[in-house]
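A.B. asks: The residues making up each chain are set out below.
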Amino acid sequence: MHAPVWDNSSGANRQSNGQHGSIAAIGIDLVEIARIEGFLRRYDSDALALIFAPQELEASQLDLAPAKYLALCFASKEAIGKALGTGLAGIHWFEIAARLDSWGRLVVNLSGSARQKADELGWQHWEMSWLSWQNHLLVCAIAYQSTTRNDS
Amino acid sequence: MEQNAFPDIQDTLKDILKNLGISEELLHDDALLHRDLQLDSTEIVEISLALKRRLGVAVKLETRQDKTLAEVSQAIADARSSLG
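Protein chains in written order, with the numbering used here: chain U, 1 to 152; chain X, 153 to 236.
No lab work stands behind these hints, which were simulated from the structure alone. Predicted model only: the values in this text are computed from it and were never measured. Some hints could be false.
Straight-line distance between alpha carbons at most 30 angstroms, and here's what the computed DSS-like set of lysine-lysine pairs gives [said to hold, decoys possible]: (1) X:LYS212 to U:LYS117; (2) X:LYS166 to X:LYS212; (3) X:LYS166 to U:LYS117; (4) X:LYS219 to U:LYS117; (5) X:LYS166 to U:LYS82; (6) U:LYS68 to U:LYS82; (7) U:LYS82 to X:LYS219; (8) X:LYS170 to X:LYS219; (9) X:LYS170 to X:LYS212; (10) X:LYS170 to U:LYS117; (11) U:LYS117 to U:LYS82; (12) X:LYS212 to U:LYS82; (13) X:LYS170 to U:LYS82; (14) U:LYS117 to U:LYS68; (15) X:LYS219 to X:LYS166.
Between the sequences and the hints, there should be enough to build the whole structure, so can you do that?
C.D. replies: See below:
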């Protein structure tokens, strides 16, 4: 269960101690949780799989606040798309998968075209942070330019 | 919206957009999703979800260029025909 993370209204996955290179881009997104709640009410898992990766849907079902969890995933995808500078054009939504670790830190995993774009740019590391208040959730994604390509 | 080669698709698209609160008078073939209909990213996603539910097609509408309703209808028709 992910319930403990909601004890906080924010979380960050800080990796900015220098070993991951310099900041290359920042993307920010704000989402209204009620709108994601509407998605969950109106659409089945088959339709939602267009947007959310299987592991995101699975984790949300185990969470005490599934809409909030998926709002966090949704805002993460948007924030990363903005950092990439192309939005989600040419990238499937489910190719950016977000999750909260047991410490409430937001972690993302890129695959497919999303991974390819980030690799082409030499962006190997992402620092994610989030903040929620009232019915909104804000995610900030910071991409780090690797000092040398292909280091991980 | 004007009649064209995909009347059923257009009716469905029009209905989805009306459910999003878009006024019927704005729904014409050359209306652009962002510029003319002022849809945000969550609403664009909702169109894809509704198309999946109602027509069974997966259509991704996030592109580098704003799409007109005619282009969206064409994309839906293409996705439908690829289903066989």
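A.B. asks: Hint by hint, which ones does this structure get wrong, listed from lowest number up?
C.D. replies: 3 and 10
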